[in-house]
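Participant: The residues making up each chain are set out below.
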Amino acid sequence: MRERLLDVRELEPPEPLERVLEVLDTLAPDERIRLLHRREPHLLYPILHQEGFSWRCDPTPEGEFVILIWRKN
Amino acid sequence: MIPAGLSFEQAPPISVPFRFFLTAPWFLLAAGLLLVFSGPEMMLSRHMPATLAATHLLTLGFTSMVMCGALMQMLPVVAGSPVPFPRAVAWGVHVPLTLGAAGVAAAFLADSGPLMHGAAGLAGAAFAVFIAAAAWGLARVTSHSPSAPAMGLATAALLATAALGLALGIARYGGFALPYGQLASLHPLWGLYGWTTLLVIGVAYQVVPMFQLTPNYPPLLTRWLAGTLFLLLVLRTAAEFLPLPDWLPGLGLAAGAAVFAVTTLKLQARRKRKIGDTTLLFWRIGMGLLLAACALWPAILLLPEEAGEKARLLLGVIALPGFILAVINGMLYKIVPFLAWFHLQSRYAGQVTIPNMKQFQPDKPARFQLGLYLAALALLAIAVFHPPLARAAGLLWAANALALGWNLVRAAHLYRRTAHVALEKKSD
Chain V
1 MRERLLDVRE LEPPEPLERV LEVLDTLAPD ERIRLLHRRE PHLLYPILHQ
51 EGFSWRCDPT PEGEFVILIW RKN
Chain A
1 MIPAGLSFEQ APPISVPFRF FLTAPWFLLA AGLLLVFSGP EMMLSRHMPA
51 TLAATHLLTL GFTSMVMCGA LMQMLPVVAG SPVPFPRAVA WGVHVPLTLG
101 AAGVAAAFLA DSGPLMHGAA GLAGAAFAVF IAAAAWGLAR VTSHSPSAPA
151 MGLATAALLA TAALGLALGI ARYGGFALPY GQLASLHPLW GLYGWTTLLV
201 IGVAYQVVPM FQLTPNYPPL LTRWLAGTLF LLLVLRTAAE FLPLPDWLPG
251 LGLAAGAAVF AVTTLKLQAR RKRKIGDTTL LFWRIGMGLL LAACALWPAI
301 LLLPEEAGEK ARLLLGVIAL PGFILAVING MLYKIVPFLA WFHLQSRYAG
351 QVTIPNMKQF QPDKPARFQL GLYLAALALL AIAVFHPPLA RAAGLLWAAN
401 ALALGWNLVR AAHLYRRTAH VALEKKSD
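Those protein sequence lines, which keep their order, are chains V and A.
For what it's worth, our numbering labels the leading residue of the first sequence as 1, then goes sequentially.
For what it's worth, our numbering labels the leading residue of the second sequence as 1, then goes sequentially.
Check before you lean on any hint, since a few could be wrong.
Straight-line alpha carbon distances no greater than 25 Å define the calculated SDA-like cross-link-like pairs of lysine to any residue that follow [stated by the list, open to error]: (1) A:Lys358 - V:Glu18; (2) A:Lys266 - V:Arg9; (3) A:Lys425 - V:Leu21; (4) A:Lys426 - V:Asp25; (5) A:Lys425 - V:Asp25; (6) A:Lys426 - A:Ala412; (7) A:Lys358 - A:Arg270; (8) A:Lys274 - V:Glu64; (9) A:Lys358 - V:Trp70; (10) A:Lys272 - A:Gln182; (11) A:Lys310 - A:Lys426.
Simulated from the structure, these hints should not be mistaken for lab results.
Produce the entire structure from the sequences given, and follow the hints as far as they go.
Facilitator: The following block contains the structure:
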């Protein structure tokens, strides 16, 4: 699966969410997003669920988060 | 790892927090108008009926009103744990809190026992619903956010504040042999320091790094501070009834709050984005005022009785209309536009052009209100020592409340108009 890296760690809310939503629109079925975030994006999850995406969130040792996002089917 | 498939209802409807945020400024206006009408007598002591009424308009009608709404919104976001039945809980908290806040203030002014008992009962009922809902959510926290434990302790402190407040209401008018003096000293301590300051600390762990792009608070601080402060509050409470020195936990509480204020100011100095905004200014002013309160609090113990009362009144001004109102006001300018944007984005993205954060809350009117706030606060602090200025200070507070209310109502109006356009397009 091809991966698209999206680093939103230096952005002020709501820019991280805006940037993810932009990329989601163009995400191919064989692609996934690797999202680097300073906080866990709880508000993103319901949108992903509604739009038919799956995700996985792993905390990093530095206290940040890596979220993988892909289309359900 | 967080599994996929969390409920879409994680974030409560926007009407849940907005009803609290849009009600609060009118209580601030009422407090300002009370100062205009009652004038210099309010500056005589903290225990004047009009001073107590204005204080409760601020604590019940403004700060608790905003904090209940904010916590219902923040629990799902920071802790991954929604409040159950958000609409019903919002009704069950907002309506009795609004009536209770107005009623308690009216009861002080009218010196009416039955009114006080009814109004305190309503405020108590509102807090009971809120505490039950918050406890339910906090017990199901799924994230490791350091905010959640501090929010839990703040909620426990609210329980203590409400219980002490009810006991005071009964003791004042009921003729029961309750230790009024001790209760009257503990109630504001638990309310201002416990419920409010602990919640500010818990919320700051989340919103300062998130919105102001600072590094995170040091883990040593987030792990220990809130719990230690809560323990010191318990010790300070025990000192009212047991032969323990009350100055020792008091000093610890002042030192702990000062550590929080200095840490926050240091983190803000290291923020990644150097452009300042109104929220940042409000928070910096709030932290400066918190430091001033921390310095004045122990100093009061050394003052003679008469000078001590003026100093206590000044401490109250620095703590409540100062520190607490400044940080809440600053936070409203981030949370209201963010929620308006977020709810439109998650519902109507692609159907309508969604205004950005700055359109919901332009900087210019927010800065104008900040100026009014600073002028009102400065004049109120001077009026403590020169009471004839009290009415002028009240006018500035009323103007400040109108400016804040106007800014928030305008953001809510833009939200409603955008949602309306999206719905019209959908139906076409």
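Participant: Does the alpha-carbon distance linking Lys358 of chain A and Arg270 of chain A stay inside the 25 Å limit?
Facilitator: holds, 24 Å
Participant: Has the given pair, Lys426 of chain A with Asp25 of chain V, been kept, meaning a C-alpha gap of at most 25 Å?
Facilitator: Within the cut-off at roughly 20 Å; holds.
Participant: Is it true that the CA of Lys266 of chain A sits at most 25 Å from the CA of Arg9 of chain V?
Facilitator: holds, 20 Å
Participant: Below or equal to 25 Å on CA atoms is what counts here, so check Lys310 of chain A against Lys426 of chain A.
Facilitator: violated, 61 Å
Participant: Going straight from one Cα to the other, do Lys274 of chain A and Glu64 of chain V come out at no more than 25 Å?
Facilitator: holds, 22 Å
Participant: Below or equal to 25 Å on CA atoms is what counts here, so check Lys358 of chain A against Trp70 of chain V.
Facilitator: Violated. Lys358 of chain A to Trp70 of chain V sits at ~31 Å, over the 25 Å cutoff.
Participant: Keeping to a limit of 25 Å between CA atoms, is the pair of Lys272 of chain A and Gln182 of chain A held or broken?
Facilitator: violated, 47 Å
Participant: Under the criterion that the straight-line Cα-Cα distance not exceed 25 Å, is the pair Lys358 of chain A, Glu18 of chain V satisfied?
Facilitator: holds, 14 Å
Participant: What's the verdict on Lys425 of chain A and Asp25 of chain V, does the C-alpha distance respect the 25 Å limit or exceed it?
Facilitator: This hinted pair holds, its Cα atoms lying about 21 Å apart.
Participant: Given the hinted pair Lys426 of chain A and Ala412 of chain A, is their Cα-Cα distance within 25 Å?
Facilitator: holds, 21 Å
Participant: Taken at face value, is the distance from the CA of Leu21 of chain V to the CA of Lys425 of chain A at most 25 Å?
Facilitator: With Cα atoms ~22 Å apart, Lys425 of chain A and Leu21 of chain V stay inside 25 Å; holds.
In summary, the structure is inconsistent with hints 9, 10 and 11 from the numbered list given earlier, while agreeing with the others.
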